Each structure stands twice: as C-alpha cells, then as structure tokens.
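Novice: Protein chains in written order, with my numbering: chain X, 34 to 371; chain E, 34 to 371; chain F, 34 to 371; chain V, 34 to 371.
Quick caveat, the hints were computed from the structure, so don't treat them as lab data. Take the hints with a grain of salt, since some may be wrong.
Copies of the same chain are indistinguishable here, so a pair counts whether it falls within one copy or spans any two.
[Stated by the list, open to error] Think about it this way: if two alpha-carbon atoms lie no more than 35 angstroms apart in a straight line, the pair counts; the simulated DSBU-like pairs of lysine-lysine are:
| # | residue 1 | residue 2 |
| --- | --- | --- |
| 1 | Lys152 | Lys56 |
| 2 | Lys178 | Lys232 |
| 3 | Lys56 | Lys311 |
| 4 | Lys189 | Lys44 |
Only a predicted model underlies this, so the values are computations on that prediction, with no experimental measurement involved.
4 protein chains.
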Amino acid sequence: MIIVMNPEATKEQLNMVIDKLTKVGLKVHLSEGSTRTIIGVIGDKRFVAELPIEAMDGVEKMVSVTVDYKLVSREFKQEDTIVDVAGVLIGGNHLAVMAGPCAVESREQLFQSAEIVKKCGAQFLRGGAYKPRTSPYAFQGLEVKGLEMLAEARAKTGLRIVTEVVDVESVPVVSAYADMLQIGSRNMQNFQLLKTVGKTNKPVLLKRGLSATINEWLNAAEYIMSEGNYNVVLCERGIRTYEEYTRNTLDLSAVAAVKNISHLPIIVDPSHGTGRWKLVSPMARAGIAAGADGLMIEVHPNPAEALSDGKQSLTPENFAITMQEVSNIGKIMGKVFI
Amino acid sequence: MIIVMNPEATKEQLNMVIDKLTKVGLKVHLSEGSTRTIIGVIGDKRFVAELPIEAMDGVEKMVSVTVDYKLVSREFKQEDTIVDVAGVLIGGNHLAVMAGPCAVESREQLFQSAEIVKKCGAQFLRGGAYKPRTSPYAFQGLEVKGLEMLAEARAKTGLRIVTEVVDVESVPVVSAYADMLQIGSRNMQNFQLLKTVGKTNKPVLLKRGLSATINEWLNAAEYIMSEGNYNVVLCERGIRTYEEYTRNTLDLSAVAAVKNISHLPIIVDPSHGTGRWKLVSPMARAGIAAGADGLMIEVHPNPAEALSDGKQSLTPENFAITMQEVSNIGKIMGKVFI
Amino acid sequence: MIIVMNPEATKEQLNMVIDKLTKVGLKVHLSEGSTRTIIGVIGDKRFVAELPIEAMDGVEKMVSVTVDYKLVSREFKQEDTIVDVAGVLIGGNHLAVMAGPCAVESREQLFQSAEIVKKCGAQFLRGGAYKPRTSPYAFQGLEVKGLEMLAEARAKTGLRIVTEVVDVESVPVVSAYADMLQIGSRNMQNFQLLKTVGKTNKPVLLKRGLSATINEWLNAAEYIMSEGNYNVVLCERGIRTYEEYTRNTLDLSAVAAVKNISHLPIIVDPSHGTGRWKLVSPMARAGIAAGADGLMIEVHPNPAEALSDGKQSLTPENFAITMQEVSNIGKIMGKVFI
Amino acid sequence: MIIVMNPEATKEQLNMVIDKLTKVGLKVHLSEGSTRTIIGVIGDKRFVAELPIEAMDGVEKMVSVTVDYKLVSREFKQEDTIVDVAGVLIGGNHLAVMAGPCAVESREQLFQSAEIVKKCGAQFLRGGAYKPRTSPYAFQGLEVKGLEMLAEARAKTGLRIVTEVVDVESVPVVSAYADMLQIGSRNMQNFQLLKTVGKTNKPVLLKRGLSATINEWLNAAEYIMSEGNYNVVLCERGIRTYEEYTRNTLDLSAVAAVKNISHLPIIVDPSHGTGRWKLVSPMARAGIAAGADGLMIEVHPNPAEALSDGKQSLTPENFAITMQEVSNIGKIMGKVFI
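Chain X with its partners taken away, still in its complex shape (with noise of 0.2 angstroms):
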C-alpha cells in the first residue's frame, strides 16, 4: 500500500499519518520527492485497509500494490487446480462441457436434450430448474420437479449434473439432485450464497458478475473457499458494455488473465456471452483457444420451441458440428475430452 500526500500537507500530517500507520503495527518508508511525500506502507495490506487513511488531511490518494484475495491466487497456489465433479474432471489436460437447455422445461424436451449432449461428447447436462429473471411475471422454472427430471436424465445417460442455486434456503435440495452447484451472475455477490455454499462439499461453477471486475470475481470465489470449500470452476460470461449487437459482451482476456493470476479452472458460456446461436460455435473454439478448461453451451432439440433462450440455442446438428470444431482446437491446446 502506497500513500501519496498533497503538495501542500504539512509535518503535522505526515506525522498524524505515520502515527496512525505505525500505532496498528505497520511500518513505513518514505519517499520525499521534489513535490510531495510518498508513504511506502509494509505489513498486512487489510490493516491498512481498514484505517481511514483517505479521509486524513493532507493525504490525496492511497494506491494499492497488492490483492484481497490469498486462497484463489497463483502465488498462494502453483499448479492448476483439477476439480473433479463426479469423477470427470475439470482443468489441466482436461476439456470439459456442460451443454443443455436453459431451463428445464419438461421431461421429453430434458430427455431430449440430454440424448443430443451425451451423444456430441460432453459431460455435463446443464439445465435450470430454478430460474432468475427481470421481471416478477416471466417464468421462474418448474424448481423441485426440474431437479427431479434433472436426476432422472443422469440416471439415463450418466452425464453429470450442473444447475443453478438461486437462494440459500434451496442450497439443500439443489445440492441432494445436482453434481455441482451453479452460482449465476445476479448473485456473484450475493455473499450469504456464497458463504452458504462453500460450506457444501459441492463443487460451485462461479458465473461472472454482469459488471464484475475480475478482481470482485476472485473475491467471490475467495468467499467460498474461505469456508473451506475448494472445488470452485469459473465461468466467463460476457459483461455489460454498451454494444448493442450482442447481448454482453464476452471478455475472453479475462480467460488468460484468470490463468495467470489464479489456478482455478476456467471454463466460457459463449451462448449468454453473445445472445446470438450464429456467434456461439467461433466463441467456443476461440474460447479454448484463449486457454480455457472447458465450455457450457445451450442446446434445445428444437430452439423455436424454448420458453426462454431459443435465439441463443443451438441445434443438435449445429451442437455437433461445434463439439467437433471445439475438439480440434482443444488438441492443439493439448487439452481432450475424457
């Protein structure tokens, strides 16, 4: 933590600073500069944080030279974190999707659906039983029968479970059906979730904020592993920008950034990332590319016919076509479905 003082502050408020810097066990370091004093400050960043240095006369800004978070970052943990999730793994050599409809809808339309995803090759079947929306009046899910059906569809075919948990009070009975819990934007920040599921032993797939830096992701996910809970997978799904032609706007740089920075695994959502089906198959491939660990992609058997979703659905052909365009590149990543 650096603090930079105003041209005009005075000893007396230097000294009040360092004072109240060195009383809570810090140490400081100055730098006199032809202008103004530079407050170099060593020890434990979140005593720093807590003190309200800003608000002090004579200081003009605080810079911060380190992160929040510990647990998630690379240099806490070296090699990459490999989640396994029902015994398919996530994350090192390993390429994983998650493909499904939006929501589920009914029985034949999951069953459907899970057919055409074990078949391609991946997985997970990914389906939301419980569902956010905008407005109080738009469909919210069929909710316990979804996790029902959900269950069902893994028995038939063995694919693994991912569904979204929209409040603490259905953590329980999400996580008795599903193979791992999803946390969706809206409620990346929805701490008492986050807390709530950490203390699951679930893996948690860690949707992105709608505006999220990737600074508040990672302290997102350093919520749940602060509770002990490890097995966290991210997922990239296109921010808020003012482009109008896709519905977000997916940020594949955050992809490598998150390698560098932390070990967990990263996968993309190109389907929300781009709200357009003729975008979904290049955002995969370029996705994979960018270095991530897998992909969760919509497929509806028949798109016209979704309750929500359809224009960013895939069809089965188009679905197969891109597992096979996402499994070429995955190769030269040195990456392959398992």
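Fit chains E, F and V to the known structure of chain X by using the hints.
Specialist: Same frame as chain X, but now just chains E, F and V:
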C-alpha cells in the same frame, strides 16, 4: 411487440410464426415492405415473451414496444406516491434526508453522528449493521449489536432508522429494529430477498444495481410491489462506467427518467455515487434540482477515523453547509423539510 | 511516479531499473517491504513516461501519482478563468446559455430560432453548419451558406455565434464567421484540429469525447492551450454507457470534478446528454446546481420539422420555462445572466 | 422503419404522421393494437431518417429495422472480399500478420524489428511514424524520417508497410511511402480523413474506435467505400469498459459478428486490445479461432528499451512462439500464411 422477418424469409416461415402467435390467442397485423415483412403482435406481451419466436426460421428480430412492469408505472398510477416511514413522508413536496456513517462502528460514533444529523435537520439516521464487502476479510458490520445501537439512537433523537438487509435470514431481525429496509446495489436482483421484503409491511429503500438499467431497476421494484408492499422508494447511487476519477458515475438523468415513467419517490446518494467528499455537496444540490425527493449522505463525526468509506464522508461542518444549500435548492423546487 | 517490483524480482533487476532512471537524471527512493520493493521516482514525470520501465524484468507495475497536464490545472492557476467571447463573459459569476437548432436548415428556421433565443435571455446562438454524421448518407449541413446565415442572425439580434469546426481545412472559414469555435465529441482527440484552433485567437468550446475520461478531456484542452490559446470552455455532453433509456449518460459529477481540478469554465449540454426533450429542463437545472457556468440547449421553432435531433429539441414555450428555472437556480449559485 | 404511436395519440396526430411520410413518397402499413397503433414504413430508410418523426405529437418512438450502410454489407456482396496489398492478400484463406514496434524510434530498432518480423513469417511491418498521444508533451513520432526508415526496411526485407495516417494533410506523404494506410481508433469518426483516404487507391486498415459500436464502425468503412476505395480491412483492437486489469476489452465476438454482417476482411490487435504482453499470445490464438483473417502484433527487439507501449510488446522469442501457435490454429480454420 413487433417481429421483423428476414428478407429471405419464405411464405411458409411467415405462416409458421403467425400460427404460433395465433395459437396462444394473440392477433397479428402484417406490413409487407419492399424487402421484408413485419408482424405487429396484438395482445398480452407476456405471452409473446414466453414464445421462442426469435429462434424460428425466417425471423430476424423481435422488438419490444411496451414495458414489462405494471405496478411501478405512471400509466398504472398517475399521482405521485408518498411513502410514510413511521410518520415521516417521502415524496410529493417533502424533502427527506437520510444521513449517518457508512457502518455502525461504536455507540459513541453512532450517537455523535445521530446528534449531528438531527441538529442539521435530517429526518433519518442511516448506518450499516450488516455490510456486504467485496473481500471476505473486510469488516462485515456489528450485526445485531449494530441494530440495537441504531434503535437506541432513535430513542434518543427521534430520527427514523434506515439500514440494509443483506439476506433473507436477517429480514425479521432487521425489521424488528428498523423503520425502513434498505436493499443494497449488489442485491438489487436478489429476487428472493425482494420477494421477502415485499411480504413485510416495512417501507423499502431500493438502491439501483451497480450496472442495472432503469428498466431492470423498475422491474426489481415490481418484484417487491407484486408481493403487496407498495411502500418503495428508489435510490440512485451511481452506475459503473469506464471513468476512473469518480468511484461511480452518478446518473441524475435517471431521476428525471424515473419521475416520467413511475410514480414512486426517488432519492439520490451522492456519497457512494461519487466516492469523493468534495463532490458530495455539488451532486446533492444537483440531485434535488433534477427532481429528487431526498438524499442519502454519509456523515461521520470524524471521517479520518471511519472504518469504511471515510474518503467520501462529510464532516459535521460540511454536512451543515450541504443541508443549507440543499434546502435552498429544495425551496425553488417546491420541496421542504418537514 | 511509483514503480512496484515483483515479489520475485532479483537485486540485479532492481539495480537495472534504478540505473535506467538515474541515467536520465531522475532520483529514486526505495521502500523495501516484506514481500516486495517499491521505487519512488522523483523528478519530471514526463521523463519516466518515455522510459519502458514496465517492460523491464522484475517490474510489476508503474503507478502515476501526478497528472499529465499543466496549463489547465488549478495548481497552475488558482483563480477561475473567465473567457470573453466578443464581450460576453463565460465563467465566474456569469451564467451563459447557448441555444438554437442542432443544424442550420434554412434562413427562416434560423432567424425564428434566434429570435426565441434572444427573447428568452440567452446570449449565444448555436447551430451546426457542418454536421459530422455516423452515416455518409445523412444530411451533412449547409456549410458556408449556413455560416452566412449565422452571421446574418448575429447582425439582427446581437447574439454571439458558436458553431462547430469539423476539420483543419475549415478552421479559417469558420473563424471568419463565428465568435466561438466548437470542437465536437468525435473530434476531441483530433489532435491536429486541436492544435490548429490553438493557433487561432478565437475562444474554443471543447466538448467531452463520447467515452473520454476527465483526464483525457483535460489533456485535449492542454493541446489547445499549449499552442497559446487560453480561451477554452469545456462542455459536458454525456458519456457512453450501457443504459439505453437515455442517448448518453450526462455525467454531472464531471462538472464538480473539473471545478476542483481546473480553472477553466465548464458548461453542460442536456440536449445531447439525454436525447429526450423531457429530461432537458431537469438536467439543465441540475447542471447549474452542480456548479456549471452555463448551458448549451437545442431549441427549434418547430421540433417536429427539424432535420436532425428534433426528438431532443425544446419548443419555444419549454425553452422559456427552462430559462426561468435555470435563472432561479443560478441566483442561488451566485450566477446571473448579464 | 417502424413508428410506434402513444396510447393517447389521436386520429389527427396519426394522420399527420402518415401525411408527412407519404408526402416524401414512402408507403405505410398500419397495425392497430389494443392499446396503440404501429406504423410500418416502406421505402428508402434514409428519407425517414431525415424526417423529424419522433418529435411529432403522438409519436412514442421510431424503431429501425434495417441498417444504414450498404457497400460494406453482405447483402450487397455475398462473397468474402480479398484485399491485395502490393501483392500480399488479406481475406479468404490467407492469414496475414502485421508486426513491428509501436513507434519507429531509430533505424537500428526498426531494422532489427523488421528482421525478426520477416524471419518469423509475417508479411507486414508495422510502426508508427506519426503517433497520436493523449498528452501534448508525449513523444509524437519521427514523422517523415520515420516513413523513410520504413521504406528502407521494406527495400531490405520485402515486407509490406502499414503505418498510421493521423490527419488529412499527411495523407499524400504517407501514401507515398506506405503500402497500406492505417486509420487509428481516435480517428475512426474523423470523417474528413475517412473521405480523403477513400479517394486514394491505397488499401486502408480501419481500427475500431475506442467505444464505437459495430454499426458505427461499419458506417466508418462505408465512408471510405462511398468515395470509391473498396480495399478496406477492419481491425478489432479492444473497446473501453469498466474492467481495469486489461488496457481495453478485446471484443472477439465483433470478429464473428463482422463475418456475418459484412464481406470485408477483419484482423485483431491483441497488443493494444489487452495492454499486457502475457495476454497477447492467448488472444492472438483466440482471434484466429474466432475467424479473423490476421493479426497486428507489437514486437520490439528489446521491449524494455521501447519509447512507447513496451509493456505490451513481445520479445523476438515470444513472437516466434506466438507465430507458431497462430499458424497451428490457422490450419484448423483453413487459413495459411502465403
């Protein structure tokens, strides 16, 4: 709702779209242009939203011409809503100010704050007992102890208490102490929480999400109102943009927009909105001049000692000046402190 | 300037950085922390900016603690600048309003507009003779004919003329007719154009770029001033965000920020800033309350007949009301129409 | 174009709108809904754009259903355009790489760079002779001397030269030396410059504006093409968002989008797009996987000595690795270096 067909759409594709619409009871009007056909859909928009029209062959896009929400809209209720918070009114020709520290830190800090707030003419004491924080290692609030102190401060000063409720679990306990429940930015789309406060009889202060559109914000209010609680006050607190000088970009045009679209009262938080105490007073004045019904301002007896957000808190002296300035602007706008 | 070394940086890497800095005459102060070393650099920041420090081995990042510009800053000049535009003053306790149609369309339209503008007490007539348009097929302005009409309108009414100069070539001709040269948003970083108007003796109105930071905007003003023309007035006109209800997001906190950082006058354009005439009056009031020195407003004798931007233009009646409201707020702010 | 009337619009208001449209030769189709009437407009959209429909009484909004540009669109030209730059082809199954230093700094630096670029198989040498810089005090390029050095490097290596033209004045001199003219981000809507390069016979590389929509970008290309120069290559280089980890957010979905909408070739600049050399290689791979026709990459013989952008430049070693990786992805995409 309007459906725009592709230039290459066939007659069969057009008929399939029309079929799908008429089957659920909607009516259609066709406009056949020189290059493409446009379908005007007549009937309840929600039915269309449920249909996967955009995924059908031949469809280029679907354009919404009406909005999702109903109860929050001025079309539903023409006259301004005035919310009664334990006898203090928000909306109409009333000017409401909620002030106090970011977080409740100690009995002394809170009581000193309350005295300042009271003395300067504000009607509400704000202060966080539960604090949602980006990092799991940051100060998370005094919780129930903080609530007790807030209630004590109310007993001493007669100020109304507004404080944040961060999860479903704590709604009962916060409701037991507070006069008004605040939903913070990060929870604006925590739908379970919205529904839960919608079932209480406490007035709700709904902050705009970090990067929520006005439309999403009003839909969040609709979630609360659709459960029966009509006492909702909106709070603009800045949106996330690329600008780095300010913590957020305070969007005062949202105040004017909300006044056009909705009957609900709206206040402005220039403290979080700018993140710099020097900008608080100008933006407080501007907010009232834009038509806001009140303000939420961070005040601290000694900002340099604050455990959080000291940088954006006003000193007692500056708060007194701000209140005077705001009062002057308020008079011109026909709004007074009562 | 502060240089933060990696935790793994070697002594040799540190020495190479120090060498590079001292060779160009800079001084360094070291802060050796528990995990990393920080170098405080003392001397002219521009020298550091030229050095590729961040690409050197062992360097994690470089943090700027001072700003790039000089002439625009309040540190350079304490007192408010007042710009004299052919006898009308902008800045200090003067309230300036520039009003008129988006584009000069015809003699009749312009003269009617000028009369309204004059009658309501504004001092400047605005109107585009050269129009930068997104599409090459849209109306691009009447050019020299438009300038002639503007000069005629000045002769009739005594209003000062402010109009946009869109390229280097037309600076002489626009300067021959106008009292003040406007640099539009799209040209805020057209550096050749900035330098060219910097060499004239005409006052310049510099609009903020569509997504320019305050820092970039002030640097653009510095380009003009560094050529010798100190008569620069800034104009906040909204920035690009994800919000779709308004055409842009009018950033009034930039007004307060500029007042802190710079001595230059600043006005607000609520017409382009919101894109909706219903929001113009509230945001005009708010702009003045935030501390702006004036306004730029689109007025049209008959908005429904306007060739461009009719949607955001005020009718004569609404402009008269707005001027009254603005005047009332101005008085409280100690600013009056002269 | 669709016009949506207010629910309260009168029959007279509707008729006035229809009148205005039919007078200029447009045809209308009415859809009378339960709450409002919608007018479908048939005919040349540009006529409608010129009319101030949205300011007319009774009109709620106008919705565009077709795009502004023509020459750039795939509807206008189905097959991919292949641009010939002095014998090197961009587009189709060709993979083009433009590499070199951000700025031409010295003969030695440039020639070393050119050798590396040539040796690794790229076909174009890039390097700025004119540098647009945020601050007037930053290094602005060697100008004509830089151009001469670029031409010398071409003579030595056979590489094609692509370099930026920053204003209308320098178009002739840059055209005399360069094989391809680059329009930088800040000039994407410098319409006079676009028209000027549109009148030359030099191929143009058009970078996306800092916060340009895809639609605005394609319209900028339309400006060039509407002057007769059809040899336009687009370059995605990152857009401005709230994310602070990367310098910009590289929007690879724009590559896939452009491929759908337009026939023009598109390349990706991962150096400016990310601002961090560690992210260049992953994003180069991802760009090609998304369907791009090539790359623009900053390479410097010694990034730590670069006068600008050293932080994002690749070393010769890393560039060689990147070229190999890109070549592997290119093969899968059916694109090869020729």
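Novice: A separate judgement is required for each hint: does it hold in the structure or not?
Specialist: To see whether the hints hold, each was checked on the structure:
1. When the C-alpha separation of Lys152 and Lys56 is checked against a cutoff of 35 angstroms, the pair qualifies only between copies, where the shortest distance is 34 angstroms, while the shortest distance within a copy is 65 angstroms.
2. Taking CA atoms no more than 35 angstroms apart as the test, Lys178 paired with Lys232 passes in both settings, with 25 angstroms inside one copy and 25 angstroms between copies.
3. In this homomeric assembly, Lys56 and Lys311 come within 35 angstroms of each other (Cα to Cα) only across copies, at 28 angstroms, whereas the closest approach inside a single copy is 60 angstroms.
4. When the C-alpha separation of Lys189 and Lys44 is checked against a cutoff of 35 angstroms, the pair qualifies neither within a copy, at 75 angstroms, nor between copies, at 41 angstroms.
Checked against the numbered hints above, the structure breaks only hint 4 and satisfies the rest.
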